[in-house]
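Number of protein chains: 2
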Amino acid sequence: MRDLKRRLLDMVADDLAGIEKELHAHLRPHLDLVQETAGHLLFSGGKRFRPLLMVLCARLCGYEGDSDHKFSTAFEYIHAATLLHDDVVDGGTLRRGRPAAHKVYGGATTVLVGDFLLARALSIGADTGKLKVIQVLSQVTEDMAQGEIHQLMRKGHLELTEDEYMDVIRRKTAVLIQGACRVGAIIADADEHLERALGDYGLHVGLAFQMADDLLDYTAETAALGKIVGADLREGKITLPLIAARHQAEPEVRKRMDEMIGNPSFSEDAFFGLVEELSRCGGIDYTRNRAEEHIRAAKKALGVFEPSETKDILNHVADFALARKA
Amino acid sequence: MRDLKRRLLDMVADDLAGIEKELHAHLRPHLDLVQETAGHLLFSGGKRFRPLLMVLCARLCGYEGDSDHKFSTAFEYIHAATLLHDDVVDGGTLRRGRPAAHKVYGGATTVLVGDFLLARALSIGADTGKLKVIQVLSQVTEDMAQGEIHQLMRKGHLELTEDEYMDVIRRKTAVLIQGACRVGAIIADADEHLERALGDYGLHVGLAFQMADDLLDYTAETAALGKIVGADLREGKITLPLIAARHQAEPEVRKRMDEMIGNPSFSEDAFFGLVEELSRCGGIDYTRNRAEEHIRAAKKALGVFEPSETKDILNHVADFALARKA
Numbered sequence: 001m002r003d004l005k006r007r008l009l010d011m012v013a014d015d016l017a018g019i020e021k022e023l024h025a026h027l028r029p030h031l032d033l034v035q036e037t038a039g040h041l042l043f044s045g046g047k048r049f050r051p052l053l054m055v056l057c058a059r060l061c062g063y064e065g066d067s068d069h070k071f072s073t074a075f076e077y078i079h080a081a082t083l084l085h086d087d088v089v090d091g092g093t094l095r096r097g098r099p100a101a102h103k104v105y106g107g108a109t110t111v112l113v114g115d116f117l118l119a120r121a122l123s124i125g126a127d128t129g130k131l132k133v134i135q136v137l138s139q140v141t142e143d144m145a146q147g148e149i150h151q152l153m154r155k156g157h158l159e160l161t162e163d164e165y166m167d168v169i170r171r172k173t174a175v176l177i178q179g180a181c182r183v184g185a186i187i188a189d190a191d192e193h194l195e196r197a198l199g200d201y202g203l204h205v206g207l208a209f210q211m212a213d214d215l216l217d218y219t220a221e222t223a224a225l226g227k228i229v230g231a232d233l234r235e236g237k238i239t240l241p242l243i244a245a246r247h248q249a250e251p252e253v254r255k256r257m258d259e260m261i262g263n264p265s266f267s268e269d270a271f272f273g274l275v276e277e278l279s280r281c282g283g284i285d286y287t288r289n290r291a292e293e294h295i296r297a298a299k300k301a302l303g304v305f306e307p308s309e310t311k312d313i314l315n316h317v318a319d320f321a322l323a324r325k326a
Numbered sequence: 001m002r003d004l005k006r007r008l009l010d011m012v013a014d015d016l017a018g019i020e021k022e023l024h025a026h027l028r029p030h031l032d033l034v035q036e037t038a039g040h041l042l043f044s045g046g047k048r049f050r051p052l053l054m055v056l057c058a059r060l061c062g063y064e065g066d067s068d069h070k071f072s073t074a075f076e077y078i079h080a081a082t083l084l085h086d087d088v089v090d091g092g093t094l095r096r097g098r099p100a101a102h103k104v105y106g107g108a109t110t111v112l113v114g115d116f117l118l119a120r121a122l123s124i125g126a127d128t129g130k131l132k133v134i135q136v137l138s139q140v141t142e143d144m145a146q147g148e149i150h151q152l153m154r155k156g157h158l159e160l161t162e163d164e165y166m167d168v169i170r171r172k173t174a175v176l177i178q179g180a181c182r183v184g185a186i187i188a189d190a191d192e193h194l195e196r197a198l199g200d201y202g203l204h205v206g207l208a209f210q211m212a213d214d215l216l217d218y219t220a221e222t223a224a225l226g227k228i229v230g231a232d233l234r235e236g237k238i239t240l241p242l243i244a245a246r247h248q249a250e251p252e253v254r255k256r257m258d259e260m261i262g263n264p265s266f267s268e269d270a271f272f273g274l275v276e277e278l279s280r281c282g283g284i285d286y287t288r289n290r291a292e293e294h295i296r297a298a299k300k301a302l303g304v305f306e307p308s309e310t311k312d313i314l315n316h317v318a319d320f321a322l323a324r325k326a
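So the sequence lines, in the order shown, correspond to chains E and C.
Residue numbers for the first sequence follow the working numbering, so the first one is 1 and each next one is one higher.
Residue numbers for the second sequence follow the working numbering, so the first one is 1 and each next one is one higher.
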C-alpha cells in the first residue's frame, strides 16, 4: 500500500505542484493576519485531495484550458474553511499534528478567516464563468454546514442508525468531493451523463473516505493521526464501527460500550479494550466491507470512460481513499 | 423625523411585505434546527434595509422582472450570517433586544447556521443568472470578514486613526449596502455608469449608517438600542466620536477617557460622564457632521437619474440612515 501511495504521488506530482502554487497565488487577503491564520492550516501538509480530483476529472473529460489548477483551489479553500469552523465548533485542539488555528489565533479570527476562505472559493468559482459551478459550490457549502449540525445534534445519541450516519457523512464529507469531481466535468463542458458519472464516482469515494477516517479513530496509531486517541468516542461521535458493533454485541458488552461513549475521561487501556470488542463484534470488518463496496461503486461509475492514464489514476485514488493510514 | 419614518414605511410597505415573504420562502433548510436558529435572528424585526435598497435600485434602473424581492433576500441572508458570526466572535449577548442566537442555540450551531446562510445567499445570487452578482457577493463577504478582523485587531488601540476607522467601517458595513445597490443595477442590466452611481450612493449611505450606529452607542437610550449601555467602549471598540474627542481633549481629560476604554466594569455614571466629555470636546458633533457629508454625497450620486418616486424614496432612505434612533 505504501507502494501504491508512492506511485500515485509520482503520477500526480506536477498537478500537486501546480495546485500548491495556485493556493498561494489566490489567497490574496488584505490583512497579514488573515494570510497567517489561513496559511497555518492551508500550508500544513494537506493532501490536496479535493483539488486533485477536480483537476483529474477535468482532464478525463478533455479539459483544454490552463486554469484547472487555479479553479481547483476553490475546493481546498472550502475544505480549509470548514476545518477552521469545525475545530472552533468542536473545540478540537490538534489538526495535522499541530495546534488547531483557533488555539493560536483565537476563535474569533478563526471563524472570520473561515468566512473569508468561503468567499474566496466562490470568487474563484465565478472566475470559471459558469454559473453551474457556483450552484455546486453553494449547494455543497449548505450541505456541509447541515451535515455538521446534524452530527452535533446527534452527539451521544446511542441509537443513531446506519442510514442516519450515512446521511451525515454524505453531507459533511462526500458532497464536497462529489462537487470537485462534477466541477471538473463542468469546466470541461462535458456531457451531462459524464458529469453525473463523475459525481457518482466522487460521492462513493467521499463516503469510503469518511468511513476510512472513522475507522482510523479505532485502528490507527495515534501519532500517525496527529489527533488524540479515541477522539470521536470522547466527543460522543457515533460512527459506523460502533453502530455496527453495538448491533452485534451481547447486552452486557453493549452496556460497557455505551458507558464509554461521550465520557471524556476514559483511560487508554479502557479505549483499547473497547477497540478489541469492536473488532470481535465485527464493527471494524463491517465498516471496512461497506467502504469497499463504495470503492467498487466508484470504480464502476468510471466505466463510461475509455481507458486512459487519467482513468487509471482515478481508480488508484479510489483505492487510496480507503487504504490511507493517516 | 418620526414622520419621515412613517411616510417612508408607507411608500415601501408593499416591497417590505414582498421581501418578508421571500425571506421565508427561500431559507429552505434541511434541518428544523437550522430553520429555528436562522429564524431566531432573521425574523426578529430587522429593518430589511439592504434588500429594500436592492429592490429600489433595481426599480430606479428600470428592472422589469418579478424576481427582485427574491434576489434581494441574498443581502439579508448575508447580513444575518455576519451578525450570527459577529455575536459569537464578540460574545455579544443581546441582539435586537433578544438573547443573541448563540446564547440560545450554542456557538457551534450558530457558526454553522451562519455558513449555511452565506451559502444560501450565493445560491440565490446564482439564480440571477449573472456572474457579476456572484463577484459582488463574494467580494463583499471577503471584505466584511476582513473588516471585522481588522476591528478585532485594533480593539483597545487608542491610536486608531480616523482613516483606519473609515477603512474598517467601509469593509464591515458599507460594502454590503454598496453591493445591494450595485446588484440592483446589475439585475436591471443598467449601464456601467448607473451601476457606479448607485454603488457610490450605497457606499456613502453605508458609511453614514455605521457612523450613526456608532453615535447611538453614546447618545441613545439603552432600551431603544436593545443593547448594553456603552457596549462599544466596554469592548474597546474605538469609534469616531471617541477618536474625534480624544483629538480635541485636554491631556487630563484624554487620560480619563483612555482609562475607560476596554474597561468592562465602569459604572453607568462614569459612562454618562464620558458621554458629556465626548460631547463637550466635539466628538459627537464632528461625527454627525462627517456622516451628514456622506449623506450629501449619497444624494449627489443620484444626480444622474431623472426625478421619480423611486428616486425620492432613495433620497429619504439616505436621510433615514442618519436619522434613525435605533
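Where hints are given, some of them may not hold.
As the list claims (entries may be wrong) - Below 27 Å or equal to it, Euclidean Cα-Cα: the simulated BS3-like pairs (lysine-lysine) are:
1) E:130 to C:70
2) E:132 to C:255
3) C:70 to E:132
4) E:130 to C:132
5) E:103 to E:47
6) C:103 to E:70
7) C:132 to E:103
8) C:103 to E:155
9) C:130 to E:70
10) C:155 to E:103
By construction, these hints were calculated from the structure, which means they are not laboratory data.
A quick note: this is a predicted structure, and the numbers were derived from the prediction, not measured.
Hint by hint, here is what the structure shows:
1. Using a Cα cut-off of 27 Å, the hinted pair residue 130 of chain E and residue 70 of chain C holds, with the two alpha carbons roughly 21 Å apart.
2. About 58 Å separates the Cα atoms of residue 132 of chain E and residue 255 of chain C, which puts this hinted pair outside 27 Å; it is violated.
3. Under the criterion of a C-alpha separation no larger than 27 Å, the hint pairing residue 70 of chain C with residue 132 of chain E is consistent with the structure, at around 19 Å.
4. Between the alpha carbons of residue 130 of chain E and residue 132 of chain C the distance comes to roughly 11 Å, so the proposed pair stays at or under 27 Å and holds.
5. Pair hint residue 103 of chain E plus residue 47 of chain E holds up; C-alpha atoms about 22 Å apart against a cutoff of 27 Å.
6. Between residue 103 of chain C and residue 70 of chain E, the direct Cα distance comes to roughly 40 Å. Violation of the 27 Å bound is thereby established for this hinted pair.
7. A distance of roughly 37 Å separates the Cα atoms of residue 132 of chain C and residue 103 of chain E; the hinted pair therefore is violated under the 27 Å criterion.
8. Pair hint residue 103 of chain C plus residue 155 of chain E holds up; C-alpha atoms about 19 Å apart against a cutoff of 27 Å.
9. For the hint pairing residue 130 of chain C with residue 70 of chain E, the CA-to-CA distance comes to about 21 Å; that is within 27 Å, so the pair holds.
10. The suggested pairing of residue 155 of chain C with residue 103 of chain E holds, with an alpha-carbon distance near 19 Å, which does not exceed 27 Å.
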